[in-house]
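Protein sequences, first through last, are from chains A and H.
Going by my numbering, the first sequence opens with residue 502, and the numbers climb by one from there.
Going by my numbering, the second sequence opens with residue 3, and the numbers climb by one from there.
It is possible that part of the hints are untrue.
As the list claims (entries may be wrong) - Across the chosen pairs, the derived CB separations fall in these ranges:
1) A:591 with H:255: 16 to 22 Å
2) H:83 with A:562: 42 to 48 Å
3) H:83 with A:592: 45 to 51 Å
4) H:365 with A:653: 39 to 45 Å
Please keep in mind that the hints were generated in silico from the structure rather than gathered at the bench.
No residue lacks a Cβ here, since even glycine has one placed at the ideal position from N, Cα and C.
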Amino acid sequence: MQKIIYDEGIKKLEEFVKESKKILGFPIIPDQKLGTALWVSNRELKINYIISVEKIKKFFEGLSEGKIYATKCLNCNEIYFPPQSECSKCKNEKMEWIELSGEGELLTFTKIFVKPYTFSHYEDYIVGIARLKEGINVTAWIEEKDFEKIKVGSKIKLKVAKRFPEEYLTYVITIID
Amino acid sequence: MERKVGIIGVGSSRFGIRNDVNFNELAYESFKEAINEANIDLKDVSFLVVSNIGGWSSEPLPAVTIGEYLGLTGIGTLRVEAACASGSAAIKTAHDMIKSGEGEVVGVVGIEKMNESTTPVVVEMIGRAGNYFWEFENFGLTFPGYYALYATAYMNKYGAKEEDLCEVAIKNHYYGARNPKAHFQKEVTLEECMRSRYVAWPLKLYDCTPISDGSATVILASEDYIRKSGIKEPIWIKSIGYSNDTSNLSKRDNFLSLKASVEAAEKAYKKANIDKDKLTKIFDVIEVHDCFTIAEILAYEDLGLFKRGEGYKVVREKQTYIGGIIPVNLSGGLKAKGHPLGATGVSMIAELVKQLNYKAEKQRQADIKNGYALAHNVGGTGHYAYVTILSR
Numbered sequence: 502m503q504k505i506i507y508d509e510g511i512k513k514l515e516e517f518v519k520e521s522k523k524i525l526g527f528p529i530i531p532d533q534k535l536g537t538a539l540w541v542s543n544r545e546l547k548i549n550y551i552i553s554v555e556k557i558k559k560f561f562e563g564l565s566e567g568k569i570y571a572t573k574c575l576n577c578n579e580i581y582f583p584p585q586s587e588c589s590k591c592k593n594e595k596m597e598w599i600e601l602s603g604e605g606e607l608l609t610f611t612k613i614f615v616k617p618y619t620f621s622h623y624e625d626y627i628v629g630i631a632r633l634k635e636g637i638n639v640t641a642w643i644e645e646k647d648f649e650k651i652k653v654g655s656k657i658k659l660k661v662a663k664r665f666p667e668e669y670l671t672y673v674i675t676i677i678d
Numbered sequence: 003m004e005r006k007v008g009i010i011g012v013g014s015s016r017f018g019i020r021n022d023v024n025f026n027e028l029a030y031e032s033f034k035e036a037i038n039e040a041n042i043d044l045k046d047v048s049f050l051v052v053s054n055i056g057g058w059s060s061e062p063l064p065a066v067t068i069g070e071y072l073g074l075t076g077i078g079t080l081r082v083e084a085a086c087a088s089g090s091a092a093i094k095t096a097h098d099m100i101k102s103g104e105g106e107v108v109g110v111v112g113i114e115k116m117n118e119s120t121t122p123v124v125v126e127m128i129g130r131a132g133n134y135f136w137e138f139e140n141f142g143l144t145f146p147g148y149y150a151l152y153a154t155a156y157m158n159k160y161g162a163k164e165e166d167l168c169e170v171a172i173k174n175h176y177y178g179a180r181n182p183k184a185h186f187q188k189e190v191t192l193e194e195c196m197r198s199r200y201v202a203w204p205l206k207l208y209d210c211t212p213i214s215d216g217s218a219t220v221i222l223a224s225e226d227y228i229r230k231s232g233i234k235e236p237i238w239i240k241s242i243g244y245s246n247d248t249s250n251l252s253k254r255d256n257f258l259s260l261k262a263s264v265e266a267a268e269k270a271y272k273k274a275n276i277d278k279d280k281l282t283k284i285f286d287v288i289e290v291h292d293c294f295t296i297a298e299i300l301a302y303e304d305l306g307l308f309k310r311g312e313g314y315k316v317v318r319e320k321q322t323y324i325g326g327i328i329p330v331n332l333s334g335g336l337k338a339k340g341h342p343l344g345a346t347g348v349s350m351i352a353e354l355v356k357q358l359n360y361k362a363e364k365q366r367q368a369d370i371k372n373g374y375a376l377a378h379n380v381g382g383t384g385h386y387a388y389v390t391i392l393s394r
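Isolated chain H, as found in the complex:
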């Protein structure tokens, strides 16, 4: 019989420009919270998985420096990279270890400290994260640029407007304003969003995530360990779906959908026996990868929550707020909570565990009926995709 894997503790640092702490201190901020919540002996942690992209931050061996600082040496560690989906990949690594009997308790720390480099350097390095030679070297694409290519195609096909994209920013800032750990804790208006300058046409500054620092921790454990330790109400990982796509965007058929997201969702639904026709009824709350406003709209459609070409109308009608058809990104999403790349996937799971346990701030707490939640985490421009389904 397959071993079940549960989550027994989660933590998150405050996201933002964290020039008040160093790399390891930032990691410890979320780890402390998670290990205290799990209320277990540090000695029980048998492996540490660290999710980090790095390059812009000074430590080239983040798993080792964090291991030392957290007091976790002599156990084994590694760093996982799957671009902005590194966090989900790290959770999958830990999950698979436990499931296969390779460990009872595994810690996952996701961290990114992007502000150790200047903005032009960060813009450069993320821009290189596609296909370096054929996309960056000659054509200087940027991360907003890649998603802008999708936005142009999507808007052209379905008639979505820049105002519709702004509606995603407005929603996510609304919830970010209610999340004390978010990078941006203030609401924005349609006028402010529309007035913001172009970063990569048709995407404007308010369509983009900020350059954030932050960390998140999730402690995973086997069902045996959970039962023996008498841990009440863990959150279970029901399934993890995953896929990848070409590095060159030019090798893709269309720019209306992230194929890797579609495939990852399919796998996750199948493994968890989820009825694809009832998604918005089954899930109480969802976190999607809104690195840019267009990405949230694509996610609605790629996950099968709404029909093709309907995503932007759903936002316009405010159906993804609490009280709508399905609440999405009550954390503020990457857009307002912030997007410290390696921390993001772990932070999504930490957020959903809080939601499922009714521990989110009151104004942004979803109504939990079925006890099901979904995290959608994309790496690069649909280069990697992970969909993780959680349940109470």
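For reference, chain A alone in the conformation it holds in the complex:
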């Protein structure tokens, strides 16, 4: 797991800084390659965003019922995924929630090896974009152990799935044989 490597790096740096403070009286460490002096900030920041989903609540209600919803403009019939509560095409606010068929085909995909820190506890994951019958595209992880089986044009089915270890509901692309 990449997280172990990342965390080891962070721990090493912290120990180095601690040592430097003892010896020099400052959090100043030498750059590993250049030997130049680097001040390691004492003010570590933890960021976690709090995002409103009030107007698309129904989408999450859908996931808990095993359904994947999009919104559709009652005026111009435009379908929105990700769902939005108003139509930016015709400025209409009268939208309906529609359940997506989940059926479609894969447009493209990738496998992420070098992961962001907050994803480093996962094994390498595959992300794809699929076009559904409804004419809209969906980005999601592809749940398929056999990488060779995944092709551009593969028939897919979008499903609700639980993400571990966080234990929250999301959706995944599955490959149909």
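Guided by the hints, dock chain H onto chain A, whose structure is given.
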């Protein structure tokens, strides 16, 4: 009559892991060079535009700290963000000010100091630069990941191979090895590239730009100022084209082309009266946005230099080296020169001004016949695009 806008001085810092200087010192490195080349009084600079994305670096108000360090206070400044195209957006801001009569001399400093944060943090923050909630929060896409989605689709459609992508890296490292300010100043072989580990399949480490620090400065001036000051041989900005696209990649029709690039190029050609059928004859040298090897191939096609599906063959045939159909990224490109995001667009213009003035290092100097050059600068994964046309 429209006011013409010229470039009277350019500068660039050395790109790379710049743990030997702080943020402001890095900015000053390129500014000093540019202001000395322009050979003007600092008092003549009437506005400062700073291109920087930040977040990974400690200063949240970069335009202000740089303004103080450069001795440019009491004039007005702002920071411009258009992801990796911030530099071009900053130049457009300065250009438009001068063109509208709002200023005579405007300085543009592009800077990024990415190594003030650790690699996992930088990977995280760039990965968030798409659509945070629908792409990152659940699916942890990374910047190489977004471009890998394009690479997969392109390779599937046209039959390009990973080896073909490597050819872009080989070319850009070849020129980077001849650019004393490049992050990577060494050539790479096909074997080395093919052996490098996957970052986001099908992209490997050698398909990706490094995490770089660097700054670049361009000083723009009005035609009146240029004539009055007796400045000889400025480089003129002929036109700037621009466009944008959806934040969610899933909202796009295909993954074979960056639509914003196509639209930006169209606008730039139209404004400059460029014959689209003769692009490779008109331009002497081009810098394209090769944040990943696939991006350079897409750029060839999106700019209309080569037909759809031909981009990778062109690289394979080495037609974008000096002496080929059209030389591209003689600076080493983002790939080898380095990609300090906010500095990149400004650095492209600085490079092309050097090329047009025959001031590039001999081994990477293009033959200047018509005196036309083009910079193609993309922000995010085709989220923003700017195309700037320069002429002597």
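Status of each hint after checking the structure:
1. A:591 with H:255: 16 to 22 Å: holds (20 Å)
2. H:83 with A:562: 42 to 48 Å: violated (36 Å)
3. H:83 with A:592: 45 to 51 Å: violated (28 Å)
4. H:365 with A:653: 39 to 45 Å: holds (41 Å)
Hints 2, 3, counting from the list given before, are not met by this structure.
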